[in-house]
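Participant: With chain Z fixed as given, assemble chain D onto it according to the hints.
This is what each chain is made of:
Number of protein chains: 2
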Amino acid sequence: MPYQQSIDHCLKEHGGYGVSRTRIDALLATLALAVSALANGKDKAAAPLLALPSMTSDLAAIEALAAQIRRRFKTVVIAGFGGSGLSGRTLLGLSPFPQPAFHFLENIDPETFDPLLERLDLPSTCFIVVSKSGSTAETLAQFYILHEQVAEKLGHQAAAERFTVITLPGDNPLRQSAEKHGMTLLDHAPDIGGRFSVLTPVGLLPAAIAGLDIRALRAGAQEVVDTLRGAPADCPPAIGAALQYAFIEAGTPMTVMLPYSERLACFAAWFRQCWAESLGKEGRGSTPLRAMGATDQHSQLQLYLDGPRDKLFTLITLSRAGSGQRIPVPEREDLAYLRGKTMGDVLAAEQRATLETLVHNRCPVRLFALDKLEEKQLGALLMHVMLEIILTAGLLGVNAFDQPAVEDGKRRAREYLIKNDL
Amino acid sequence: MPYQQSIDHCLKEHGGYGVSRTRIDALLATLALAVSALANGKDKAAAPLLALPSMTSDLAAIEALAAQIRRRFKTVVIAGFGGSGLSGRTLLGLSPFPQPAFHFLENIDPETFDPLLERLDLPSTCFIVVSKSGSTAETLAQFYILHEQVAEKLGHQAAAERFTVITLPGDNPLRQSAEKHGMTLLDHAPDIGGRFSVLTPVGLLPAAIAGLDIRALRAGAQEVVDTLRGAPADCPPAIGAALQYAFIEAGTPMTVMLPYSERLACFAAWFRQCWAESLGKEGRGSTPLRAMGATDQHSQLQLYLDGPRDKLFTLITLSRAGSGQRIPVPEREDLAYLRGKTMGDVLAAEQRATLETLVHNRCPVRLFALDKLEEKQLGALLMHVMLEIILTAGLLGVNAFDQPAVEDGKRRAREYLIKNDL
Numbered sequence: 001m002p003y004q005q006s007i008d009h010c011l012k013e014h015g016g017y018g019v020s021r022t023r024i025d026a027l028l029a030t031l032a033l034a035v036s037a038l039a040n041g042k043d044k045a046a047a048p049l050l051a052l053p054s055m056t057s058d059l060a061a062i063e064a065l066a067a068q069i070r071r072r073f074k075t076v077v078i079a080g081f082g083g084s085g086l087s088g089r090t091l092l093g094l095s096p097f098p099q100p101a102f103h104f105l106e107n108i109d110p111e112t113f114d115p116l117l118e119r120l121d122l123p124s125t126c127f128i129v130v131s132k133s134g135s136t137a138e139t140l141a142q143f144y145i146l147h148e149q150v151a152e153k154l155g156h157q158a159a160a161e162r163f164t165v166i167t168l169p170g171d172n173p174l175r176q177s178a179e180k181h182g183m184t185l186l187d188h189a190p191d192i193g194g195r196f197s198v199l200t201p202v203g204l205l206p207a208a209i210a211g212l213d214i215r216a217l218r219a220g221a222q223e224v225v226d227t228l229r230g231a232p233a234d235c236p237p238a239i240g241a242a243l244q245y246a247f248i249e250a251g252t253p254m255t256v257m258l259p260y261s262e263r264l265a266c267f268a269a270w271f272r273q274c275w276a277e278s279l280g281k282e283g284r285g286s287t288p289l290r291a292m293g294a295t296d297q298h299s300q301l302q303l304y305l306d307g308p309r310d311k312l313f314t315l316i317t318l319s320r321a322g323s324g325q326r327i328p329v330p331e332r333e334d335l336a337y338l339r340g341k342t343m344g345d346v347l348a349a350e351q352r353a354t355l356e357t358l359v360h361n362r363c364p365v366r367l368f369a370l371d372k373l374e375e376k377q378l379g380a381l382l383m384h385v386m387l388e389i390i391l392t393a394g395l396l397g398v399n400a401f402d403q404p405a406v407e408d409g410k411r412r413a414r415e416y417l418i419k420n421d422l
Numbered sequence: 001m002p003y004q005q006s007i008d009h010c011l012k013e014h015g016g017y018g019v020s021r022t023r024i025d026a027l028l029a030t031l032a033l034a035v036s037a038l039a040n041g042k043d044k045a046a047a048p049l050l051a052l053p054s055m056t057s058d059l060a061a062i063e064a065l066a067a068q069i070r071r072r073f074k075t076v077v078i079a080g081f082g083g084s085g086l087s088g089r090t091l092l093g094l095s096p097f098p099q100p101a102f103h104f105l106e107n108i109d110p111e112t113f114d115p116l117l118e119r120l121d122l123p124s125t126c127f128i129v130v131s132k133s134g135s136t137a138e139t140l141a142q143f144y145i146l147h148e149q150v151a152e153k154l155g156h157q158a159a160a161e162r163f164t165v166i167t168l169p170g171d172n173p174l175r176q177s178a179e180k181h182g183m184t185l186l187d188h189a190p191d192i193g194g195r196f197s198v199l200t201p202v203g204l205l206p207a208a209i210a211g212l213d214i215r216a217l218r219a220g221a222q223e224v225v226d227t228l229r230g231a232p233a234d235c236p237p238a239i240g241a242a243l244q245y246a247f248i249e250a251g252t253p254m255t256v257m258l259p260y261s262e263r264l265a266c267f268a269a270w271f272r273q274c275w276a277e278s279l280g281k282e283g284r285g286s287t288p289l290r291a292m293g294a295t296d297q298h299s300q301l302q303l304y305l306d307g308p309r310d311k312l313f314t315l316i317t318l319s320r321a322g323s324g325q326r327i328p329v330p331e332r333e334d335l336a337y338l339r340g341k342t343m344g345d346v347l348a349a350e351q352r353a354t355l356e357t358l359v360h361n362r363c364p365v366r367l368f369a370l371d372k373l374e375e376k377q378l379g380a381l382l383m384h385v386m387l388e389i390i391l392t393a394g395l396l397g398v399n400a401f402d403q404p405a406v407e408d409g410k411r412r413a414r415e416y417l418i419k420n421d422l
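Residue numbers (this note's numbering), protein chains in the order written: chain Z, 1 to 422; chain D, 1 to 422.
Hints are computed from structural coordinates only; laboratory data are not their basis.
Since the list gives no way to pick one copy over another, a pair counts as held whenever it fits inside one copy or between any two copies.
Result set (DSBU-like, lysine-lysine): computed pairs, CA atoms no more than 30 Å apart in a straight line:
| id | residue 1 | residue 2 |
| --- | --- | --- |
| 1 | K410 | K372 |
| 2 | K74 | K153 |
| 3 | K419 | K372 |
| 4 | K12 | K410 |
| 5 | K180 | K410 |
These figures come from a predicted structure and were not determined experimentally.
Chain Z extracted, bound-state conformation (with noise of 0.2 Å):
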């Protein structure tokens, strides 16, 4: 497996203040149908999820438009809520510094996104514009006004080149102005939403774009969807499930992504995403945080290690002993401990100190061990959260694939804009 699970830090039986490893067994047990649901097609709601990390008939069109992009553009823009642009933005953590350049839009403050578009060099700039109802007010705002500058600046047929869309079939806004003006169309994956829509082209796109090989993030991905087909003790998502499960039961209301990479930092915002939006409904599920080693060590370690007991730990930790540049100190007897070591050896002992001292506090952590981080180590851990949001749901018996209370906040905002009551 691409990554080590490991949920010892969380069991009672270690001392901490977790939970029994018989609970874990039993809800294994309950997950056992669910699981093997998942393994042979019967979940209607997953199966397009689980069948992608398997698909290769639509990678060569994907990476055949990365090339073209890559070729000929400097800058990308990528307009995108919730999982439309969190797609993108959490394969790019394996390239912090990607050529082309990428911008994500996702929000729509005026403030942030005119000077953003007044320092674009529209010539040299590509948009890619991620919808897949294709009636995202949000998205359609930003669409809309990037289309005109550009097609006021460089003209219709230049703007209408610039421009990819990835939005469902049928009639909507967006696909109807693509359509329009001829710009390049991609459609949305019907059956899978956004915020599941990272192996999709919403994320494989700009992971093209940026150099990187999206045939292994999916194979990783295939190597967690294997593990569906054995017993739910040895299929790590399950006992992630369970784990996260037995903790929301036992009233445990946050739960917190924390790794010790900064090429995860989005990866840790699209697990926040996927988890809030999949799991809190009915009163149920459970807040999810996102933290960076080491950074918070700075921040937020003296809450976790000594606030209220209120929060499950998955902690991803990243061989580093001897990476890194190292660190030339001066003879001085309070910096010894530095003494021929590197950063990565710092970032190595940091890590562990902060995993050992949250368990002499007892504090629940998981683990997720990685010996390198490249693509079919982040394809494997996409897909197991994913899996375990869905088995979570199952448990918690909420739907994992529906986000029905913002509805309302949609109907009012459209009302005050009708009613000009702003």
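Facilitator: Chain D in isolation, oriented as in the chain Z frame:
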């Protein structure tokens, strides 16, 4: 006042899952002594912070140094953890694309540090290194590596000219190197901790380099300090502390900072740091969450509205109607609500819709309403939060100014490094 605070939507009397006005009034009475101790300088731990906003004697030197850096360099790299980095980042939120450009180094991940260092154009780059103690392991690791590279490539004299160090007076590793090499040195305020240092040179130097009005930042903060002289019921930070404490004692584990302004993204992260490290101790406190409108409508809002009722929300709204660009919508009936509207109109409608939907779903919402967001407003919000935290600490019976729990992890990390046990 630069902002208007309202807690009406948090009160049981208004029909929410809130706390009672009676309880808030009782807590305000309890706070009277603490508020007057802050006002008359008898709270010795907080006095240096409260004296800052009216201080002007240090500003000319900060402005002069900033002008010199601004003239000479195209890129500013700031190395500092916790408040040492977040302070500058928070103020720079006001200026989305500053000249010079800024990079904040708040981690020691070789996989992001090394590529950034490679990309820097060293002749046009300067470095500001911030550590109150001068012995923060991560900051020292960054500093020694950065300095060696710059000295190797540009020579010792040019390297010294490119480093500004902010640290305590007295012997410490960072100061020793800065003095030895003849770098520019600013003293860190001895009696103000990193997370309360935003209105000291730690925050103000980066702000001034970006061209912000640092006098207005302090003036805005002073307006909030002035409210300590009246009754607690007329002092916004005291009302905020009473509110936060009332929700904590009622068993609410989370407090959410949700600004509808991308320029306050770092403010929310700064709040998260200052709140967690100041209050998360002895099993007490609550967990701060940073969020962002409208972005998180597509991420966290489903959970906020329909998940467990375990959060107090602080919504920051900004007058928006008519701002930003007009959205050129095509003729479609389902787009009528966007016709003739600007991007700011949409954000205005959405912030109002989110407020009303949260209230409708019986979620407690404290409101900060801003007419505009400039230096004065940000300075006021920052001082409000710091005073709210200090007063909440008093109610909780914890020391707002220490962070004892993180020492064990630091000790362990040093031990693993010394033993080379990585």
